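Those protein sequences? They're chains Z and E, same order as listed. Per this note's numbering, the first sequence starts with residue 1, numbered consecutively. Per this note's numbering, the second sequence starts with residue 1001, numbered consecutively.
Keep in mind the hints are simulated off the structure, nothing from the lab. Quantities reported herein were computed from a predicted structural model and do not represent experimental measurements. Treat the hints loosely; a few may be bogus.
Unchecked claim - With a straight-line Cα cutoff of 25 Å, these simulated PhoX-like cross-link-like pairs (lysine-lysine) come out:
{"no.": "1", "chain 1": "E", "residue 1": "Lys1216", "chain 2": "Z", "residue 2": "Lys282"}
{"no.": "2", "chain 1": "Z", "residue 1": "Lys94", "chain 2": "Z", "residue 2": "Lys107"}
{"no.": "3", "chain 1": "Z", "residue 1": "Lys94", "chain 2": "E", "residue 2": "Lys1216"}
{"no.": "4", "chain 1": "E", "residue 1": "Lys1216", "chain 2": "Z", "residue 2": "Lys15"}
{"no.": "5", "chain 1": "Z", "residue 1": "Lys130", "chain 2": "Z", "residue 2": "Lys107"}
{"no.": "6", "chain 1": "Z", "residue 1": "Lys94", "chain 2": "Z", "residue 2": "Lys104"}
{"no.": "7", "chain 1": "Z", "residue 1": "Lys94", "chain 2": "Z", "residue 2": "Lys110"}
{"no.": "8", "chain 1": "Z", "residue 1": "Lys110", "chain 2": "Z", "residue 2": "Lys130"}
{"no.": "9", "chain 1": "Z", "residue 1": "Lys208", "chain 2": "Z", "residue 2": "Lys178"}
{"no.": "10", "chain 1": "Z", "residue 1": "Lys73", "chain 2": "Z", "residue 2": "Lys110"}
{"no.": "11", "chain 1": "E", "residue 1": "Lys1216", "chain 2": "Z", "residue 2": "Lys110"}
{"no.": "12", "chain 1": "Z", "residue 1": "Lys94", "chain 2": "Z", "residue 2": "Lys130"}
Chain residues, written in single-letter form:
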Amino acid sequence: MASLALKNLVKRYGKTEVLHGIDLEVEDGEFVVFVGPSGCGKSTTLRMIAGLEDVSAGEISIGDQVVNNLEPKQRNIAMVFQNYAIYPHMSVRKNIGFGLRTAKLSKAAKAERIVEVATLLGMEDYLDRKPNALSGGQRQRVAIGRALVRDPAVFLFDEPLSNLDAQLRTQMRLEIKKLHQRVGTTIVFVTHDQVEAMTMADRIVIMKDGYIQQVGTPAEAYHNPVNTFVAQFIGAPSMNMLPGVLDDQGLNLWNGVRVAWNLASSGPSHEVILGVRPEDLKPVAQSQAMLQGTISVVEPLGSETLLYVDIDGIEVIASGPGRHAPEPGSQIYLGAATDTLHLFDKESGVALK
Amino acid sequence: MSAKLSDSNINDLEVQASAEALLRGSTAPVKRNWAQYVRWLLLFAGGILMVMPLAYMMSTSFKFPFEVYNLNLVPEEPTLENYTYVLEDGRFLQWFFNSLIVATLTTVSSVFFDALVGYTLCKYRFPGRYVVFIAILSTLMIPTEMLVIPWYLMSQQFGWLDTTWGIMFPGLMTAFGVFLMKQFFETVPDDFIEAARIDGLNELEIWWSVAMPLVKPALAALAIFVFLGNWTAFIWPLIVTTSQDMYTLPVGLTTFSVEQAVEWELVMTGAAISVLPTLIVFLVFQRFIIRGVVMAGLKG
């Protein structure tokens, strides 16, 4: 086990800079998830930590050691790939044991360790099978086993669940989290799925275009997003974004509705965006309403109902009760508690609250 | 027990019934139009065309000299005398042995080096990679007949004339093999290689124990090509060898036809025996080819 530190990490391909100075400290035993859309640099960062990509500038340390110039095998890391990368010509036993080839252990100790890891993953009955006789989830377990067997300082996961079907993904998510609780190794996990990030991480690192947008616990990222990107990326369905103007009177929305706001513009009025999460925007009585609109689509989810409401040309998503949901086409009054509202500067996207 | 018996009886009956149905011909409506018949006819003609020379070769090898020019496929008086003569003639065994050495060594060497170079050109980014690849490929455009002269001059300078090494050296690595292997290594995902790198293997180990097993079908195909090519090679062995002891089988077989008259029954017997190793090589390696690449380690 070891901590991990990235200092001003830069990656260039030719003249194109894809990572623009990443700073991050991962504590010993922490589960950190990198999340972001495709091309945000999360996988590149992970591959640089693994030593599969050169570092253009900056520093990577594992424990107390700067590893920039170390070969992957010297970094004491293990990596699980998106498409498993378990060798089709080897049995499960050989695949798991592959990571031990260079370990200074006796044959018996190696065999024991393989069985131990396989048991931990519930794969002890499949040791002599070839990968083509395994299901997707089992193959992923073998890939994890191969990483686990070496007892690495840091575990790297590169979108390991994205090839699994939805049900299996949920199950493996839980298993990886349990595994982390049991072995306590530092984990860096890359995904583009914000649900995975929210559910698994001790801390989330949200990335976009080669920059870190926000680092924080899942709750921080969800409740206090630092900008519009984070606000919309985290949470499903996405946060509603309502344009408006902040003037000396308070907040004036695009359709002329005034919202009571404790912050007023000190200088000249400037354009802002009001963010409100669908689950915070609820049907209310007319007297308490902030917004009024027509329901266009109703999506019943069982526990709640998503209401797509057209409000003066903008479609917002609100959350209605699971039972007795309103009908499409009907008028609806919506309101949200003031402390659930988020305000962002329109030009920079930065949170104002 | 009785339940088991009756189960197997039912199975037997079912098998018998389906076999009978097959013999009767399926009752399911199958559309057979004239295009299909034409296709069969063409394939049949092609098959005959391929098999006839082989059939005549086999048939002639069992004939007495007087019957050689008689075109019947079944010899009137079959004999094994040709085989006894050819096999008892020490030269034939020597040539067979020479060919076996040359073809085996060139196959091993070629498969090894072609795979090594193909892998390097495929999986490593280094300056000049493309130039090297094009240079290797461009040698494919030069016909053997033209290469024979520089090969000969080279052999002469190095003292390789009339030696096994002299026969072998042009075939120790092939441009075609490099190309074939490079293309096949493209199908091996980089994830395998990177995973092995993280697992602590050095580059040579990755090539040998991770990449090579994944391209077995290509290796088998290449082995067959190279073996057949060298087993049947004629022009270069004919030029580079001078003593009968150094002849390879194809070169040696021609001596049956130059001494006085052409002794076709002996030539055909030699040819029939010489087909054996190629058949064995094919049978050994074909299962790798037929089985195909199984990429079960990756999500397909």
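Hint check results:
no.	hint	in the structure
1	E/Lys1216 <-> Z/Lys282	violated (62 Å)
2	Z/Lys94 <-> Z/Lys107	holds (13 Å)
3	Z/Lys94 <-> E/Lys1216	holds (19 Å)
4	E/Lys1216 <-> Z/Lys15	violated (40 Å)
5	Z/Lys130 <-> Z/Lys107	holds (21 Å)
6	Z/Lys94 <-> Z/Lys104	holds (17 Å)
7	Z/Lys94 <-> Z/Lys110	holds (11 Å)
8	Z/Lys110 <-> Z/Lys130	holds (19 Å)
9	Z/Lys208 <-> Z/Lys178	violated (29 Å)
10	Z/Lys73 <-> Z/Lys110	holds (18 Å)
11	E/Lys1216 <-> Z/Lys110	violated (28 Å)
12	Z/Lys94 <-> Z/Lys130	holds (9 Å)
Checked against the numbered hints listed earlier, the structure breaks hints 1, 4, 9, 11; every other hint is satisfied.
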